[in-house]
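Between the sequences and the hints, there should be enough to build the whole structure, so can you do that?
In terms of the UniProt record's numbering, the sequence shown is residues 1 to 719.
The set of hints was computed from the structure by calculation and includes no laboratory data. It is possible that some hints are incorrect.
Result set (DSBU-like, lysine-lysine): computed pairs, CA atoms no more than 30 angstroms apart in a straight line [to be verified]:
(1) Lys590 with Lys525
(2) Lys525 with Lys287
(3) Lys446 with Lys430
(4) Lys485 with Lys534
(5) Lys696 with Lys625
(6) Lys187 with Lys140
(7) Lys534 with Lys632
(8) Lys446 with Lys6
(9) Lys6 with Lys65
(10) Lys446 with Lys485
(11) Lys215 with Lys159
(12) Lys288 with Lys525
(13) Lys83 with Lys6
(14) Lys288 with Lys83
(15) Lys525 with Lys625
(16) Lys287 with Lys485
(17) Lys65 with Lys196
(18) Lys522 with Lys534
(19) Lys390 with Lys525
(20) Lys65 with Lys83
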Amino acid sequence: MIKNRKWNVGDRDTDREAAEKIAAALGIEYITAKLLCARGYRTPEEANSFIRLETELFPDPFLMKDMDLATDRILSAINNGEKMTVYGDYDVDGVTSTALLRLWLTENGGDADYYIPSRAGEGYGVNREAVGKLAERGTKLIITVDTGITAVSETEYAKELGCDVVITDHHECHGPLPSACAVVNPKRSDCSYPFKELAGVGVAFKLVTALEYTKRRRAGQDTDGFLQSICRKYIDLAAIGTVADVMPLREENRLIVSMGLSYMNRSARPGVRAIIDAADGGKGRQKKAATSSLIGYTVAPRINAAGRMGSASLAAELFFTQSETRAAEIAEELCAVNRQRQLEENRIIGEIRERITADPSIGEDRVIVLADDSWHHGVIGIVASRVTEKYSRPSVLISFEGGTGKGSGRSVRGLNLVDALGCCSDLLLKYGGHELAAGLSIEREKLPEFRKRINEYAAEHLAADDLVTDIDIDTELFPSEATLKQAEELSLLEPFGASNPVPVFLMRGLSVVSAVPIGDGKHTKLTLERDGIKFSAVRFGATVDETGFAAGDTADVVFNLSVNEFMGNRSVQLLVRDCRMSEDEENGKKAAVSEYEAAMRGEEWACRGNIPGREDFVGIYLRLKRAFPGGKGIICLNTFLGELNATPSQSGPTGYVKLRLALAILDEGGVITLEYTDTSRPGAELAGVTLNNPEKKAELEKTCLYRQLTNPARTSMPV
1 MIKNRKWNVG DRDTDREAAE KIAAALGIEY ITAKLLCARG YRTPEEANSF IRLETELFPD
61 PFLMKDMDLA TDRILSAINN GEKMTVYGDY DVDGVTSTAL LRLWLTENGG DADYYIPSRA
121 GEGYGVNREA VGKLAERGTK LIITVDTGIT AVSETEYAKE LGCDVVITDH HECHGPLPSA
181 CAVVNPKRSD CSYPFKELAG VGVAFKLVTA LEYTKRRRAG QDTDGFLQSI CRKYIDLAAI
241 GTVADVMPLR EENRLIVSMG LSYMNRSARP GVRAIIDAAD GGKGRQKKAA TSSLIGYTVA
301 PRINAAGRMG SASLAAELFF TQSETRAAEI AEELCAVNRQ RQLEENRIIG EIRERITADP
361 SIGEDRVIVL ADDSWHHGVI GIVASRVTEK YSRPSVLISF EGGTGKGSGR SVRGLNLVDA
421 LGCCSDLLLK YGGHELAAGL SIEREKLPEF RKRINEYAAE HLAADDLVTD IDIDTELFPS
481 EATLKQAEEL SLLEPFGASN PVPVFLMRGL SVVSAVPIGD GKHTKLTLER DGIKFSAVRF
541 GATVDETGFA AGDTADVVFN LSVNEFMGNR SVQLLVRDCR MSEDEENGKK AAVSEYEAAM
601 RGEEWACRGN IPGREDFVGI YLRLKRAFPG GKGIICLNTF LGELNATPSQ SGPTGYVKLR
661 LALAILDEGG VITLEYTDTS RPGAELAGVT LNNPEKKAEL EKTCLYRQLT NPARTSMPV
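Here's what the structure looks like:
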């Protein structure tokens with residue numbers, strides 16, 4: 001059963017006056033205007049600026065501290081024929097940063113190679129061994145991208161070896177800056193650049209912009225239109241890295257991603273087109289449009305997989321090649337590596353579920369801490385995210401090799417993971433990260449004390465309410481507002497991503513017309529109706545039983561409003577994020593559970609009309625046989641009731657209480673084995689059922705439970 005989340009619903013009437021003014025001024029729907037207000041754009045001018053995407057909105061790159069020094073040193077290296085090395089990182093931001101800068105350098109006469117450290121062997125950041133290797137092979141200028149802001153000693157070491165260093169980074173600046181030729185980072189305290197949230201590739205893009213402008217100006221060339229040229233050549237890489245690094249998609253990042261997606265869809269570089277095609281099952285199908293969702297959920301994981309499972313250089317080569325054939329080969333390799341990553345990830349998550357099933361106390365800890373020697377440390381961060389999402393609590397997973405383990409943690413709102421690790425710092429070799437995600441290293445013998453200590457810290461700082469996953473809902477919609485025009489108009493807010501999420505809506509009191517499985521039963525298609533308006537809805541990743549609805553139920557549904565296109569027809573579709581019984585419906589289900597419990601206690605009023613007869617037993621058993629030809633499976637009582645009552649019966653429809661009593665009697669009589677696996681949603685409980693196929697006819701009327709139900713002098717029975 002998928003657990004319901006806490007719903008944080010935005011007030012429909014908040015910002016009404018401002019939204020009405022925006023809607024009137026821009027000629028857009030009220031709901032769209034309200035969404036703009038909620039994102040901080042509260043006047044027609046601000047809203048129009050958000051919607052309008054033009055290159056003049058790019059700030060001057062030379063507003064970034066040390067940008068002039070960086071361009072001078074790099075152009076000098078090109079002019080003097082010095083060997084340069086772009087030093088990157090193994091994630092998507094680092095790989096795209098590396099590719100973007102090296103492409104510009106080589107296309108403009110530079111002698112430039114690149115270096116991306118191994119995640120497993122070297123870890124994150126600039127390291128002395130790598131600096132030594134680069135100096136030995138003749139590098140005179142190291143340019144870091146997406147890394148280097150903490151490389152104080154490594155920069156000094158490079159200088160001792162005769163290498164200059166230019167640092168470009170976007171991470172927080174803690175402590176002294178490296179003594180490099182230039183340190184370009186918008187988060188420097190002395191940097192006046194107006195937008196501080198660029199990705200590493202965003203900083204690299206600004207560097208290339210500054211280099212191109214300076215090169216043209218010094219050569220006496222026309223600088224008009226140079227920015228469009230830079231965007232056409234490189235902004236696709238900037239967009240991919242920005243989305244993959246989950247940077248806030250507002251202001252300059254929004255412009256980078258929007259323009260990058262546009263260029264990808266018009267004429268993508270061979271590597272970008274190849275990875276999109278390969279991820280979508282190859283050529284021969286209609287080309288998928290590049291969107292922020294496609295980049296974030298399809299392209300980025302495949303590029304990241306190279307660095308997680310092996311060498312990120314394979315991903316970098318994808319962006320360097322101009323050969324469509326080679327690009328297709330690399331894309332297939334990356335997809336294969338990604339499948340390997342998925343297998344490893346699923347293996348680990350399976351082991352974790354088995355451990356928690358065997359010892360439920362692990363899943364009840366404030367912080368789930370688990371370790372193993374066989375886990376690939378390149379994927380445990382992803383697995384930690386899945387564990388935290390599933391169990392609604394922080395998790396730390398550690399992969400040991402010998403006596404030392406590397407760990408990744410994920411947290412929930414309410415617990416700053418870095419602060420929690422700080423309280424255990426005496427037990428750790430090192431740690432670092434952000435509020436909701438962090439990494440650590442620890443010695444094996446310190447693990448039990450670490451588990452104890454971090455849970456003590458969490459017990460003090462995490463309330464029970466913090467352990468419920470919540471979902472932020474923009475506003476409640478009425479059926480008349482969920483129109484095709486409204487769904488299409490939401491595209492004005494794209495691209496969606498961090499700080500500009502896909503709008504989330506709530507609609508209450510929807511009647512469930514039908515709930516059917518799709519996609520081999522992994523997903524659910526719902527037909528919903530209210531006020532005479534029908535909606536098609538899909539809940540991905542949830543079976544019909546997990547969704548818990550049957551025809552005739554009334555539901556409150558949280559969803560994204562989308563456009564479904566089929567055979568040239570466009571229609572509104574609700575992509576379900578969460579759903580629950582409407583309040584009146586839920587109260588009715590709770591009342592039915594109470595009635596069942598009263599019947600099990602022998603209270604005559606509850607038994608009246610609910611005692612199952614022979615036709616009920618036969619009908620239920622035959623329905624179970626049809627549902628589980630293999631002899632066993634899991635039922636959701638609510639959906640099973642809907643299926644059972646779809647076939648008319650002489651005894652009338654079966655109710656919840658009668659069904660539960662019948663199942664209990666069939667269980668006691670040995671006809672089935674029944675085990676409830678989830679009772680968290682009244683009326684929609686999950687139960688495991690095994691069909692026993694007894695050799696002789698079961699005499700159900702002789703079971704203890706049946707006799708007690710039919711005995712006027714009833715005694716209490718176990719629920």
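Evaluation of the provided hints:
At roughly 26 angstroms between alpha-carbon atoms, Lys590 and Lys525 fall within 30 angstroms of each other, so this suggested pair holds. Annotation: proposed proximity of Lys525 to Lys287 holds, straight-line Cα distance about 25 angstroms (limit 30 angstroms). For the proposed pair Lys446 and Lys430, the alpha carbon gap of about 13 angstroms is at most 30 angstroms, so the pair holds. The hinted pair formed by Lys485 and Lys534 meets the criterion: a straight-line CA distance of about 16 angstroms does not exceed 30 angstroms.
Among the hinted pairs, Lys696 with Lys625 is consistent with the structure: their alpha-carbon atoms are about 17 angstroms apart, no more than 30 angstroms. Between Lys187 and Lys140 the alpha-carbon distance is near 27 angstroms, which keeps this suggested pair within the 30 angstroms criterion. Between Lys534 and Lys632 the CA atoms are separated by roughly 36 angstroms; this puts the pair beyond 30 angstroms, and the hint is violated. For the hint pairing Lys446 with Lys6, the CA-to-CA distance comes to about 36 angstroms; that exceeds 30 angstroms, so the pair is violated.
Note on Lys6 and Lys65: the hinted pairing is violated, with a Cα-Cα distance of about 44 angstroms set against a maximum of 30 angstroms. As the CA atoms of Lys446 and Lys485 are separated by approximately 59 angstroms, the hinted pair breaks the 30 angstroms bound. Between Lys215 and Lys159, the direct Cα distance comes to roughly 26 angstroms. Compliance with the 30 angstroms bound is thereby established for this hinted pair. Restraint check for Lys288 and Lys525: satisfied, since their Cα atoms lie roughly 23 angstroms apart, inside the 30 angstroms limit.
This hinted pair does not check out: Lys83 and Lys6 have alpha carbons roughly 56 angstroms apart, beyond 30 angstroms. A distance of roughly 40 angstroms separates the Cα atoms of Lys288 and Lys83; the hinted pair therefore is violated under the 30 angstroms criterion. Our distance criterion of 30 angstroms between C-alpha atoms is met by Lys525 and Lys625, whose separation comes to about 24 angstroms. Taken as a hint, the Lys287 and Lys485 pair is honoured in the structure, with Cα atoms around 25 angstroms apart against an allowance of 30 angstroms.
Pair hint Lys65 plus Lys196 holds up; C-alpha atoms about 12 angstroms apart against a cutoff of 30 angstroms. A hinted pair counts as satisfied when its Cα atoms are at most 30 angstroms apart, and Lys522 with Lys534 qualifies at roughly 23 angstroms. Between Lys390 and Lys525, the direct Cα distance comes to roughly 23 angstroms. Compliance with the 30 angstroms bound is thereby established for this hinted pair. Taking the CA atoms of Lys65 and Lys83, the gap is near 25 angstroms; set against the 30 angstroms cutoff, the hint holds.
In the structure shown, a violation is registered for the earlier hints numbered 7, 8, 9, 10, 13 and 14, in ascending order.
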